[in-house]
Amino acid sequence: MKLSELEHDALVEVFNLGVGQAASALSQLAGEPVLLTVPKVELLSKQAVLDQFSSDPGARISAVRQTFEGELCTEALLMFPAAQSLRLVQIMVGENLPLEDLGEMEQEALAEIGNILLNSVLASVSDQLELALEGSLPEVELGVVSDVLLTEHDHSRPFLSLQVRFEIASRRIEGYLVFVLDVCSAALLERKLAALIKRLQCE
Amino acid sequence: MAKRLLIVDDSRVSRMIIKSKVASLGVDWELQEAVSGDAALEQALHWQPDFVTMDVNMPGLSGFDAAQRLRELYPQVAVVLLTANVQESSRERANLLGVHFVSKPVTEAAIEQVVRHFQAAA
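Note that the protein sequences, when read in sequence, are chains Z and S. For my numbering, count along the first sequence from 1 and bump the result up by 400. So that you can map any letter, position 43 of the second sequence is 30 in my numbering, and since no number is skipped, the others follow by simple counting.
Keep in mind that the hints were calculated from the coordinates and are not lab data. Honestly, I wouldn't trust all of these hints.
Which residues of chain Z face chain S? A few of them, derived with a C-beta cut under 8 Å, are [to be verified]: (1) Ala425; (2) Gln490; (3) Glu508; (4) Glu512; (5) Asn515; (6) Asn519; (7) Ala523; (8) Ala532; (9) Leu537; (10) Val540; (11) Glu541; (12) Gly543; (13) Val544; (14) Ala595; (15) Leu596.
Note that the structure is predicted; figures quoted are calculated from it, not measured. Every residue gets a Cβ at the ideal spot worked out from N, C-alpha and C, and that includes glycine.
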């Protein structure tokens, strides 16, 4: 799959708007601004995605995974260092519950945060590209980065990878939203991007 | 008689936050919870709620399907879809079902919107 420069820009912008929606949702929960990087879009193998992510593939992370299927197949991940997990949960349930009482509901709260953030991004992508997407239920995973990312046998197969780093500075929380698009649906994605560009040019 | 609100969400945390924020608004409604669309229909039969908040992505019967069944069986019940599934197609489907749509996260503003809708519908 080879996107033209214009298609690449359009895809970045589509995800950028979605990430903006996710940031708005997270910011509503946190009650403060969320810093985000511009999405990085690359054609990579999952192994290469992993190599980009961590100088320490053995680092433990918490992750929420959802798959979105329909006209496009996308694996979506919210990932952050495991040590920050409870701080992220506290954003959702509020300050009244002490950290030590949060453990019991940690996984459910993480699943819900992932559900909100990942759906925010994919809803925007779905709306802008006029794609029908159906999301799975969120699943929480705890493990090393390599175990979370490399779930398939075809580590070397290329995927369209989109990564965004987010940070809530005052709460010392940082993490990544990662979207891995299966390039089996590349032709459709190119058609949808072309249609979007045409609509934008007509406006 | 106090109005009855049924909170339908597979996430315990979401149910907990919805309950807490509804209570903080000072409404004196009776609250019950259901963990799935199927459980919501069962509870609606026995408990007869006036209002229902409904998540969409749940195991088993989806929130859309459960809301549709509720609208068919109990047209007097006001239903709000309270969901992270914020695609335009989901909002359109909510419109077609005749139910209100409020997007997650469950913030005070979101719950105020839900409560105002129910109060207007009562």
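Results for each hint:
1. Ala425: 5 Å, holds
2. Gln490: Violated - the Cβ of Z/Gln490 stays beyond 8 Å from chain S, reaching only about 11 Å at its closest.
3. Glu508: 5 Å, holds
4. Glu512: With a closest approach of 5 Å, the Z/Glu512 hint holds.
5. Asn515: 5 Å, holds
6. Asn519: This interface hint holds because 4 Å falls under the 8 Å limit.
7. Ala523: 4 Å, holds
8. Ala532: OK, holds: Z/Ala532 within 8 Å of chain S, min 7 Å.
9. Leu537: Result: holds, 6 Å to nearest chain S Cβ.
10. Val540: 12 Å, violated
11. Glu541: Violated. Min distance 17 Å.
12. Gly543: The hint is violated - Z/Gly543 has no Cβ within 8 Å of chain S, the shortest such distance being about 22 Å.
13. Val544: 26 Å, violated
14. Ala595: At 16 Å from the nearest chain S Cβ, Z/Ala595 fails the 8 Å test, so the hint is violated.
15. Leu596: At about 14 Å, which exceeds the 8 Å cut-off, the nearest Cβ of chain S leaves the hint on Z/Leu596 violated.
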